[in-house]
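Visitor: Going line by line, the protein sequences match chains A and B.
Heads up, the first sequence is in my numbering, so the first residue is -13 and it goes up one at a time.
Heads up, the second sequence is in my numbering, so the first residue is 23 and it goes up one at a time.
There could be a bad hint or two in this list.
Said to hold, decoys possible - Computed beta-carbon distance windows for the label pairs:
1) A/Glu19 / B/Pro41: 58 to 68 Å
2) B/Gly293 / A/Arg52: 46 to 56 Å
3) B/Asp199 / A/Glu48: 45 to 55 Å
4) A/His26 / B/Leu301: 32 to 42 Å
What the hints assert, rightly or not - Computed, partial: chain A to chain B, Cβ under 7 Å:
5) Ala(-4)
6) Glu(-1)
7) Pro3
8) Gly35
9) Asp40
The hints are simulated quantities; they were obtained by calculation from the structure and are not laboratory data.
Backbone N, C-alpha and C define an ideal beta-carbon position, used for all residues, glycine too.
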Amino acid sequence: MPTPDEVQDALCEVMDPELPISIVDLGLVRGVEVDGGMVHVRLTFTSLGCPCTDVIREDIRERLMRLPGVQHVEVEEVFEPWSVRDISPQGLVTLRQLGIT
Amino acid sequence: MDQESFLERLRRGQLVEGPEHCPEDYIESLKRTLIVSADTELISVPAYFRAAQDAPNLNAYISAMGIIQDEMGHAHIAYRLLRDLGVDVESLIYDRDPREFKHPYAFDVPLDSWTELVVANAFYDRAGFVLLKDIFLHTSYGPWKRALVKVNREETFHLRHGERWMTILAQDPQKRDELQRAVDWMFVLTLEWFGLPDSLKRHKDQISYGLKGKSNDQLRQEWMSATVPLCEKLGLKVPAHYDHEREEYVIDCPFPADFDAENKRWNFEKGPVTWDDVLQRWRARGPANQELVRQLQVGYRQLREALAA
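Here chain A stands alone, though its shape is the one from the complex (with noise of 0.2 Å):
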C-alpha cells in the first residue's frame, strides 16, 4: 500500500489542463486518506465554474491506479474556498515565468 505521502507525490505528477503546473502547487489537494488498497483524495477548484473538473479527475484517478497495490480511487469535490494564496512558492515562480501576475 502507498502511504500519504506517496500518493501526495504521485499528485505532484498530475499537472492543470492549461499550464505547467501541477495540482498539487496550485493548491488544489486538500487532504489524502488511504484505507488499505482504497485511496481517498479531497479536491477544490480554482472556481465553481471551472471547465475542468472531469478532467482533472481523470487524470487523479489515472495516475493513483498505477501506484502499487491501489484498487480504487475517489475523488471527493469539496469546493473550498480556493485563493491565490493557496499556491506553492514554486508554483508562483512557474506562473511567473509564464507571465501571469
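With chain A fixed as given, assemble chain B onto it according to the hints.
Guide: Just chain B, lined up with the frame of chain A:
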C-alpha cells in the same frame, strides 16, 4: 525605411514592435492576417454556444461554456492588436456585412449537436492551434507573439476536451454512428480550412514578411498528423492515410470536392472540383453565416438604436 533593409532586419530575427517601424504594406498584410484570426475566434462563440445547448450533463455544459469564454478572450486579444494598429474595431465587428467576415467557411455550416460540437473542438480547434502555433513560432510582430502564449495554452484544453469526448462517444453504441457522420463531413471541411495548395497560392507576402512560417500544404499535413491517428485509434473512418514511401499523409477522396451544406454531405461521386469552385462556395457563404454574425451584432445595434431614440 526602405523595403530591402526592412526585410534584412526581419531575416536577422528582429521583431516589429509597432507601425512606426515598418512599411505600410507590412501593416496591411498583418491586418489581413489578424482579421482572419480575430473573426475565426469570434464566430466560434455563437457557433459553439448554439451546439452547447445539447450538452449531455451540467459538467459537460460548464466545460463547453469555459471554452466559449476562452474563445471570446482570444478574439478580444486579436481585435485589441488591430485597434492598436489604428483599425476602427467597433465598426469592424458591429457594422460589417456578415458575408464580409473572414472566418473559414466551416463555421458557416451550423453545429447542431453535442457530437458535432466536440468534433469541432477536436478538428477546428486543432486547425486553429496548428495555425496559431506556426504564427507564435514565426511571426515577426512582437505584440502578437507575446499574446499567443496564453492563447495556445488554453487551446490545448479545448483539444483535450474534444478528443476526450470523441473517445467517450466512440465507445457508446448509440452515439457511434452519429459521431462517424460528423467526422465524415467535418474532416474534409477542415482540410479545406488551410486554403489553396502551395502550387496555386498567390499571396506569398505572409511568409516573406515573417507573419507565418509554414505553407498551407505543410500546415494541412501537420493537422492530419494529429487528426488521422486520433480517428484511427477510435476506429473512425477518415479519407486519408499515412503513405510510408512518400512520408506524408495522402487524401483518399476527391479533393477539393463539391459540398452540399444543407445536408452536410460531400458529393464525392461528382469527382474533384476546382479550387475556383471552392472559392465561389466560400464567397457565397454557408447556411449559418447570417444567423451567427447577427447574433454577435444584435445587442450592440439595439443599444445604439435605443440611445439614438
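Visitor: Hint by hint, say whether it matches the structure.
Guide: Structure-based check of each hint:
no.	hint	verdict
1	A/Glu19 / B/Pro41: 58 to 68 Å	holds (60 Å)
2	B/Gly293 / A/Arg52: 46 to 56 Å	holds (51 Å)
3	B/Asp199 / A/Glu48: 45 to 55 Å	violated (28 Å)
4	A/His26 / B/Leu301: 32 to 42 Å	violated (59 Å)
5	Ala(-4)	violated (20 Å)
6	Glu(-1)	violated (17 Å)
7	Pro3	holds (5 Å)
8	Gly35	holds (5 Å)
9	Asp40	holds (5 Å)
Hint compliance for this structure: hints 3, 4, 5, 6 are broken, all remaining hints hold.
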